[in-house]
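Novice: Residue numbers (the working numbering), protein chains in the order written: chain V, 1 to 198; chain A, 1 to 320.
If you're looking for bench data, these hints aren't it; they were derived computationally from the structure.
One should not assume that every hint holds.
Here are the simulated distance ranges between beta carbons [stated by the list, open to error]:
hint : chain 1 : residue 1 : chain 2 : residue 2 : range
1    : V       : Ala-34    : A       : Glu-78    : 31 to 39 Å
2    : A       : Lys-138   : V       : Glu-3     : 36 to 44 Å
3    : A       : Arg-268   : V       : Arg-24    : 38 to 46 Å
4    : A       : Asp-203   : V       : Arg-24    : 53 to 61 Å
5    : V       : Arg-24    : A       : Leu-89    : 44 to 52 Å
Covered stretches of chain A (chain V as the covering partner; in silico rule of three or more C-beta atoms under 8 Å from a C-beta of chain V) [as the list claims (entries may be wrong)]:
hint : segment
6    : 123–132
7    : 268–279
Bear in mind that the values here come from a model prediction, so they are computed numbers and not experimental data.
Using N, Cα and C, we set each Cβ at its ideal position, and we do this for glycine too.
The lines below spell out each chain.
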Amino acid sequence: MTEQLRESLSALMDDEANELEVQRLLGQLGEDEALRQTWVRYNLARSVISGQPVGRLNLDISQQVSAAIAADVRPAVGVWQRLSRPVASLAVAASVTAVVVFGGQQLYQAGDPGAGAAAPVAATGVSAVGFVNTLGAVPLRASYGNQTMPELQPAAHTAYRELARQRMYLYMQEHAEHAALNSPQGLIPFARVPHIEE
Amino acid sequence: MVSTARSLFHALTFVTTLSACLVAAPAALATTCSETDAVALGWLAKMSRSYRELAYQGVVTFQRGDDLQVMQIARSVESGQTHELLTRLTGQGAQVVRAGHPLDCTHPGQQLLQLGDQLPASGCGIAEFYRFQVGEGKRIAGRLAVRVGIQPRDMYRYGYILELDRETGLLLGLSTLGHGDQTLERFQFADLHYGDSVAQPRDVATVHPARHPHPDVPDGGPALTAPWSVNWLPRGFTPTDSVAAVNARRTFTDGLAVFSIFLEQLPRELRPGEGVAREGSTTSYTRGMSLEGQPILVTVVGEVPLNTARMVADSVRLVR
Chain V
1 MTEQLRESLS
11 ALMDDEANEL
21 EVQRLLGQLG
31 EDEALRQTWV
41 RYNLARSVIS
51 GQPVGRLNLD
61 ISQQVSAAIA
71 ADVRPAVGVW
81 QRLSRPVASL
91 AVAASVTAVV
101 VFGGQQLYQA
111 GDPGAGAAAP
121 VAATGVSAVG
131 FVNTLGAVPL
141 RASYGNQTMP
151 ELQPAAHTAY
161 RELARQRMYL
171 YMQEHAEHAA
181 LNSPQGLIPF
191 ARVPHIEE
Chain A
1 MVSTARSLFH
11 ALTFVTTLSA
21 CLVAAPAALA
31 TTCSETDAVA
41 LGWLAKMSRS
51 YRELAYQGVV
61 TFQRGDDLQV
71 MQIARSVESG
81 QTHELLTRLT
91 GQGAQVVRAG
101 HPLDCTHPGQ
111 QLLQLGDQLP
121 ASGCGIAEFY
131 RFQVGEGKRI
141 AGRLAVRVGI
151 QPRDMYRYGY
161 ILELDRETGL
171 LLGLSTLGHG
181 DQTLERFQFA
191 DLHYGDSVAQ
201 PRDVATVHPA
211 RHPHPDVPDG
221 GPALTAPWSV
231 NWLPRGFTPT
241 DSVAAVNARR
251 TFTDGLAVFS
261 IFLEQLPREL
271 RPGEGVAREG
281 STTSYTRGMS
291 LEGQPILVTV
301 VGEVPLNTAR
311 MVADSVRLVR
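With the hints as constraints, model all of the structure from the sequences given.
Specialist: Below you can see the structure in the form of structure tokens.
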């Protein structure tokens with residue numbers, strides 16, 4: 001797989017590929033196993049977000065991929081659409097944290113015997129998914145009488161988005177320590193840290 | 001609580017001067033440079049040098065979307081060492097201090113920019129990855145500026161507009177440009193004075209001494225139980241520091257952009273997926289995956305486009 005193809009593939013995932021790149025990809029996907037595998041991996045991550053079952057990506061989907069890409073040929077995303085992209089808020093409010101607890105729990109695979117236990121991750125020193133700043137929070141299964149009600153959970157993509165936001169909050173200062181020594185702006189990267197800790 | 005920043009500088013000098021400096025610059029690139037590239041690289045090298053050697057103080061604005069921060073920056077040079085102070089004047093009353101940083105200590109990102117001093121022996125440096133335009137700049141903080149426009153040659157990095165002091169080369173302003181030249185983030189001086197700073201006591205709640213990573217001393221941060229590798233990086237990116245193979249963080253720079261990768265080992269399987277958060281020029285990309293049968297959460301945080309973060313995260317592997 002050439003660097004250029006990989007680049008186009010990534011652009012396609014972000015709706016930033018132009019028509020020429022899409023055509024080139026269509027031509028290559030049928031022949032290039034590595035390219036197909038990369039596409040499958042990218043989509044595996046993406047399909048979970050859109051709520052599709054993961055299993056179908058295990059099939060040989062080169063035909064489907066071609067069809068999907070062909071269907072994806074459309075005019076470049078307009079500037080208004082880009083501008084309307086919501087700006088992520090860095091505020092980790094209590095309510096958001098609560099969502100993350102449920103979200104993080106939801107992301108764990110069903111049927112895993114460990115599910116539900118807030119086991120700390122040894123050696124990493126970083127809290128496990130969904131357990132940042134949530135001391136004492138325990139996921140609950142809502143019930144009404146004897147009848148178990150479905151859990152009220154956000155979709156997986158919401159949970160992952162909250163994880164990304166939470167990780168930005170968690171890691172920004174550590175990142176700034178290195179950016180401050182390796183980019184031209186001096187200590188300015190620390191301005192990106194939501195709350196500077198001593 | 002320390003009464004003045006100056007005394008804090010002195011207190012911290014002792015600790016931080018013990019740290020030595022970082023690794024050699026990457027191998028020179030054998031390309032011929034266009035005249036425009038050579039001029040721009042010359043300015044970037046001058047900028048990098050002036051940042052190290054000049055003493056100044058001023059007020060800086062930092063804007064991302066609707067959010068505007070105002071900060072005071074002070075930098076002084078004394079006995080071959082620099083002292084640097086950033087004080088938030090809005091929002092959190094926090095101060096970041098870098099004291100006793102040796103003048104001859106240059107980190108990989110700065111070394112990449114200073115290659116412009118050694119043209120043409122050093123090849124074309126970051127002109128391999130960026131296109132340049134040099135023109136007349138605006139007046140910033142009362143100083144006339146030279147404008148260096150920087151466009152990425154691939155889609156793995158952002159573009160920039162740098163405004164440099166025409167006289168000293170100091171970086172007076174910087175805009176980060178995303179897709180379609182949309183401004184993602186901008187900082188610039190509102191007020192600037194050259195010369196040793198007279199730091200004034202401020203109503204500061206938090207004082208954070210900036211860290212100085214050392215090549216031979218383990219990071220001391222979180223670690224995984226197994227070593228891991230990053231199997232794809234955009235061209236021109238190099239590690240900012242050397243870390244143990246099990247260290248949970250790695251950071252890379254091309255001289256202008258910086259991103260860090262963080263790994264977390266999870267106690268149990270996670271539904272595979274990805275999530276993105278953006279703030280100004282910063283992308284936070286989190287990906288849940290299974291590596292060698294182990295559930296791992298990979299997060300890329302940095303001033304790079306989403307596709308860069310995704311492709312880097314996709315290439316992370318545990319080493320058996």
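Novice: Compare the structure with each hint and give your call.
Specialist: For each hint, the structure was consulted:
1. At roughly 55 Å, the beta-carbon separation of V:Ala-34 and A:Glu-78 lies outside the given 31 to 39 Å, and the hint is violated.
2. Taking the beta carbon of each, A:Lys-138 and V:Glu-3 are about 37 Å apart, inside 36 to 44 Å as hinted.
3. Between A:Arg-268 and V:Arg-24 the CB atoms are about 41 Å apart, so this pair conforms to the stated range of 38 to 46 Å.
4. At about 59 Å, the beta-carbon gap between A:Asp-203 and V:Arg-24 stays in the expected band of 53 to 61 Å.
5. Range check, V:Arg-24 to A:Leu-89: Cβ separation about 51 Å, and the 44 to 52 Å hint holds.
6. Given a C-beta distance limit of less than 8 Å, the hint that chain V covers the segment 123–132 of chain A is violated, as 0 residues qualify and 3 are needed.
7. Counting residues of the segment 268–279 of chain A whose CB lies closer than 8 Å to any CB of chain V gives 12, which reaches the minimum of 3, so the coverage claim holds.
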